[in-house]
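K.L.:
Go by the hints and put chain B onto chain A.
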Amino acid sequence: MINVYICEDNPHRILDSVKQNDTVGLYFLDIDLKTDMNGMVLARELRKLDPRGFIVFITSHSELSFVTFNFKVEALDYILKDEPGKLQSKIRECIFNVNEKHTSFNNKIQKNFVIKIKDRSIVVDYQDILFFETSSNIHKVILHSKERKIEFIAKLKDIEVQLDNRFYRCHRSYLVNKDNIKEIDSAAHIITMNNGSTCLISSRMMKGLKASLTVSR
Amino acid sequence: MIKKKSSFISHTAEALPLIGINLLICVIIFVFNVVMGQRVGYTPQIIIFNCALFVLYFIISTIMIVSIFKAYIVKAETTRKQESLDNLMEYTSQIESMYSDLRSFKHDYTNIMLSMAECINERDLTGLEKHFSENIFPLGKELTQGDFQLNRLINIHSPELKSLVSAKLIYAHELSIDINVEITEPVEIVFMDIIDLSRIIGVFLDNAIEAARETLNPTLSFTMLNNHDSIVMIISNNFITKEINLDEINKLSVSSKGSGRGIGLFNAHKIISHYDNVILDTHYKDNVFTQNLEILAS
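Residue numbers (this note's numbering), protein chains in the order written: chain A, 281 to 497; chain B, 5 to 302.
Just chain A, same shape as in the assembly (with noise of 0.2 angstroms):
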């Protein structure tokens, strides 16, 4: 069940309500308010208390800055004043999303890792996770996926202990995932991943990850 909230000029009224409901929203609000909160404020408001909310803004091709709404406040889409021919089917373009992302998030609760950066979480299955590397530069780690290679401020030792035994230290600087290994080279001490992708194994790790391999398979 999803209530959905339309904002173009009382933005505290809708605070109050979302406040009072628990239930996840899909919020049409209109960029420019003329009121003390403009509909940026009020979209991070809605955001804390909604998380998992769905946020549509309204506005004019000049104001358009679609990139920077996702990023602030992960915004769904945008709807333009100036097309008003366009409006209907974008009303249901958006429902229609709003619908299929509810229901898939509801029907699999993947294990997954989330990278903390300030008030932004980018979260990613750990099925999807193929390594995590510490990189050249000792305060950072990255974390390798098939669409995906980003850096954050961490220590491998520190997110080892997070995951579970899928994951294997295989070298100082390496933690993969052995379900997306692909094959081993001994000698070279080399893991090739799904994606081609390589990490380095240590030999002293090299004995811990053909046993578990061996039980796991």
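I should point out that these hints are in silico values taken from the structure, not numbers from a laboratory.
Mixed in with the good hints, there may be bad ones.
[To be verified] No more than 20 angstroms apart at the CA atoms, straight line, and that leaves these computed lysine to aspartate or glutamate pairs for EDC-like: (1) B/Lys289 / A/Glu427; (2) A/Lys352 / B/Glu192; (3) A/Lys398 / B/Asp280; (4) A/Lys426 / B/Asp280; (5) B/Lys274 / B/Asp200.
P.N.:
Structure of chain B alone, referenced to chain A:
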């Protein structure tokens, strides 16, 4: 508060291997001279004299190597500054031409208003309608056609970065790439060396342009924003859908454009690794590729 070794010192340090080899060769000749000299029958004075000559040679050649290196660095810096200046001048002329378009429109506006006022005075609605659709409405389209939001760069407060970005975006626009620029608030680069940042952004934009060009409807998006006290820059482009290995593209001499290229991303990563407070997120979904660079306040 820029966390980086002085680039000047680190560049001169690159001369060290060369000086080391020079020293090694001199020492070898030195030793050779002493050992063989005695055999061949040189007097001790001659051997000492020769050794002194070699030491002198070593000192002179080291001074030469260091001087040449320094001169090279200065030249590279001058070339870079000149490029930056050229970019800024191009940016200025673009802005100037936009301004003159605006001025001539302001001028036409008065005439348009007068002509419409005439029709209204005479209550000539059909005449007004005809005049509007034939003469006035098309003007609006003409005005916005060449416009691609270049003025949004006004929020970048550093001229180095602004000139680089404008040069790349103007180039992209000329290639008929559809450009989206979002810089909704003033952005000040404080926690990173501006030259380093310009180099990295230059590489990302070049790559984005080259990849987008291969598509039927190329698009490129450039965004800068403040996120609390950090700065985020997002560059995305579309590309012909295929598998990309995010590790492969960062390797040296890997380029879809043939051999002898492909240093860009490697260099960009090298620069990023010098900073503890700069993080890069590279990802792609469907057919959109995104580089997201965040400069954290240290």
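K.L.:
Take the hints in turn and mark each one as holding or not.
P.N.:
Outcome of the hint check:
1. Among the hinted pairs, B/Lys289 with A/Glu427 is consistent with the structure: their alpha-carbon atoms are about 7 angstroms apart, no more than 20 angstroms.
2. Only pairs whose Cα atoms come within 20 angstroms are accepted, and A/Lys352 paired with B/Glu192 is accepted, the gap being roughly 18 angstroms.
3. Among the hinted pairs, A/Lys398 with B/Asp280 is consistent with the structure: their alpha-carbon atoms are about 16 angstroms apart, no more than 20 angstroms.
4. Between A/Lys426 and B/Asp280 the alpha-carbon distance is near 25 angstroms, which puts this suggested pair outside the 20 angstroms criterion.
5. Straight-line distance between C-alpha atoms of B/Lys274 and B/Asp200 comes to about 10 angstroms, which keeps the hinted pair within the 20 angstroms bound.
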